[in-house]
Amino acid sequence: MSTKSIGKPVSRVDGPAKVTGAAKYAAEFNVPNLAHGFVVNSEIAKGRIKKIDRTAALGVPGVIEVFAHDNRPTMASGSGKYTDETAPPGSPFRPLYDNAIMFAGQPIALVVAEEFEIARFAATLVEIEYEAEEAITDIDTQIGKAYEPPKKRVPGWDPAPRGDVDKAFTQSPIKVEHAYRTPLEHHNPMECFGTTAVCEGDGRLTIYDKTQGAPNCHRYICSVFGLDKDKVRLLSPHVGGAFGIGLRPNYQLNLAVLAAIGLKRPVRVTLTRRQMFTLSYRPETIQTLTLGAEEDGSLSALRHDAIANTSRFEDYQEPTAIWTGALYHCNDASASAKLAQIDLFTPCDMRAPGGASSLYAIESAMDELSYAVDIDPLELRLKNYSEWDQNDDKPFTSKALKDCYYRGAERFGWSKRKPEPRSMREGRELIGYGMATGIWEAFRVPTSARAMLAPDSTLEIGCATADIGTGTYTILTQIGAEMLGLPIDKVTVQIGDSDLPVAPVEGGSWTAASAGSAVVEACNGIRQELLKRAGKIKNAPLEGAELADVTFVDGEIRMRGDPSRAMSLADVLHGLKDPIKSEVNSKPDPKVFKRYSHYTHSAVFAEVRLDEELGMLRVTRVVSAVAAGRILNPKTARSQIMGAVVGGIGMALHEESVVDHRYGRIINHNFAEYHVPVNSDIHDIDVIFVEEREPHLNPLGVKGVGEIGIVGTAAAIANAAHHATGVRVRDLPITIDKLLGLTPSRMQRFLEENAR
Amino acid sequence: MSLGNQGQESRELKLQPKLDVTLHINGVERRVALRPWTTLLDALREYLDLTGTKKGCDHGQCGACTMLVNGRRIVSCLTLAVMQDGAEITTIEGLATNGKLHPLQQAFISHDGFQCGYCTPGQICSGVALIAEGHAKTADEIRELMSGNICRCGCYPNIIAAIEEVMHGAAPESAP
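Protein sequences appear in the order of chains E and D. Residue numbers for the first sequence, in numbering that gives the first Met the number 0: 0 to 755. Residue numbers for the second sequence, in numbering that gives the first Met the number 0: 0 to 175.
Hints listed in this document are in silico derivations from the structure and should not be mistaken for laboratory results. Warning: the hint list may mix true and false statements.
[As the list claims (entries may be wrong)] Result set (BS3-like, lysine-lysine): computed pairs, CA atoms no more than 25 Å apart in a straight line: (1) E:K166 <-> E:K417; (2) E:K382 <-> E:K401; (3) E:K415 <-> E:K401; (4) E:K634 <-> E:K393; (5) D:K13 <-> E:K23; (6) D:K99 <-> E:K489; (7) D:K99 <-> E:K634.
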């Protein structure tokens, strides 16, 4: 199908606002009489608050109030009222609810003052007397208590075992069994969380919040504070990054609204970077991969057992177990995902939750197997290629992974790889090549949208979804333009507003498929209305035409096969006073999801270089070849993959939130100590989108590109690091001390302690 | 007021009075009364409604608040507004002239040098200054000298492409 807008490398439509500073983020809506809140966080990890002394804080001129559990406005009591659409099973945290402390950094008071600096200063003067209890934050001590979560977050994330994996492993001539670890990671979007809550004169509340789901946070606030849904509006027009941390309501939202209600005036609460480390995070995992193979490399046993941490009050679960059995052909396979509770806040989804950490382990183990059977790592993947999802005994909707392997390998120059570790060198630098596979689910979820075509042929799209840098504004503009044959600049898109047709949180790589399909359907409603009008015009060229007979292109409605029979939209709209409106609740076809397995795939190839004298490891090249159905916008989609590859480099080499288990606190709570990739860490990143026709999942044929770029990337780099150095580091991040074996890693300690 | 004095006796705290500060921001003289503890960044965002400059860490570690002060790029979270009395300041809001984007702003759009856009004002101000400084010649040198500006969305290769385009299009060999 030839298109005018879809599939074109359109520059971001929100670009001009973002490069001029005009785009407003949640903490930037300055309103008269605004008060500023600053959060006081718990210094202990577990226990209770015995006493709060506000005297000194209230003595600072300009301080208005110090809110805590003992003087806050009324909030719902049942923890069920604090749930949200992405909450895992359990009892959600209730900020300032009572005197119980469940994690270090828990918000326990909010100082509100006339000026931001006054609130910040006075927050240091709030005296808290604690009764502390022993907190346990080291997952290693809780392995024996790990459990299968009794209530599943999402059904289907725990595929049934097939065959007899233990017997098959015992009988396998080649055996590989290793444990891998991934650490806590914090999302750290550049914009710290902030909320501006504005009490309007008429009892209405307008809230500007940083979130991936305006409707989700809107429902949450109405539920927690017992507010009338029609009297609260929550907006999130621009989101300065999120990567999952904006899926659930964060505590600054609750506190800003609480203070605004209590003081009956507008209040803003922003978090500091340090406080960003008191929010959720990617959980720590310990994963054991048990692979059995024949001499030729065919997998005969495939077992994956993962343990991840959660909090004491919620069973956060990632999809860790679904990938192993879906990715490779193996008749005897099993996967398990257990949880271990510790005294930290509940983890949450971070870019490719479950996928990013699982595929690191699986694809590292596959690399180790390639050495055990002495077969090229790429050939090993091809040998075990799966054309049928054995997890669910279903075909795939589409799967162009083979093309990812071939095209990625060719672009990368994989054939130049010498198999032996430490065999490739240039000057002082050891060179390593590594590869891995990526897999992520292609979802579609119910989403509403509306389209309004004005008499002047301008189209306005509305959908309460979000653009967290993903390009939602742009792709929805393209879809609207395509559907009605309009130029891009005749289309505007409104998102991030609870007053708009409801959409789920923006996440899971489902927005292009879900919001995109909703826009297609809403525009179809407009098309029908237009054609009805056109058909009524006597002796007009389109009299009697059905929707299937016409195309909408270049501002015209044209008969297919007879372009001479056409009418301009302007003519059809002539005399119209009000816009044509169409609103839809768009839903996926459940039959499709029952009949097929639905995944995006990728093949990632990485080159690392290690300067042996300086001990510096660099990722000098990454090729990520992705099969994600139709690509709506190759420019923004490429950026999504590229950015996720950068995230994967961070995961492989830099990122780790370190907990001081004596105090239960995260200690590297800033950008100097929590390392993320900077510009000089990033070199060539090459993104390939292979052709993949996706006929089933949605009318656009898209699969989503938000997560797939990070899945497999850390493994490809880890495998390259091993190839360069001969050292296999099995716990991320691969820091130089581990690579050189200078310090005993947590993994080594863990294995030694478990061996005893 | 003494910041170190946090005991009960600090009930009689008096805040430092506001001082009149004059800032020349994007060619416009702005007078504002600020307390000495207000950073240049907060002065703009919280007191002058110039929210184009972003706060990412408040510790000088991320570069989101980069702006040009007397022609040099600085992280505005690490300077107090009262220290910049009389300074010439250019922020992201001041780079376009007569509604026409600065070439680097346009290049960021063309090369998709951002996703969420939050680090972007700092990246662009930093890039404008880097080009003027003339020290960076190669992509590796640009990478090094742009490493004070973190982009968590991971747009670095596109940022480099945007800067290279403007750098080589503008004045390739003229810098000292």
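Here's how the hints hold up against the structure:
1. Between E:K166 and E:K417 the alpha-carbon distance is near 35 Å, which puts this suggested pair outside the 25 Å criterion.
2. The suggested pairing of E:K382 with E:K401 holds, with an alpha-carbon distance near 11 Å, which does not exceed 25 Å.
3. A distance of roughly 20 Å separates the Cα atoms of E:K415 and E:K401; the hinted pair therefore holds under the 25 Å criterion.
4. Of the supplied pair hints, the one linking E:K634 and E:K393 is violated, its CA atoms being roughly 33 Å apart against a limit of 25 Å.
5. Of the supplied pair hints, the one linking D:K13 and E:K23 is violated, its CA atoms being roughly 35 Å apart against a limit of 25 Å.
6. Under the criterion of a C-alpha separation no larger than 25 Å, the hint pairing D:K99 with E:K489 is consistent with the structure, at around 21 Å.
7. Proposed proximity of D:K99 and E:K634 is supported: the alpha carbons are some 23 Å apart, at most 25 Å.
Going through the hint list in order, the structure does not satisfy hints 1, 4 and 5.
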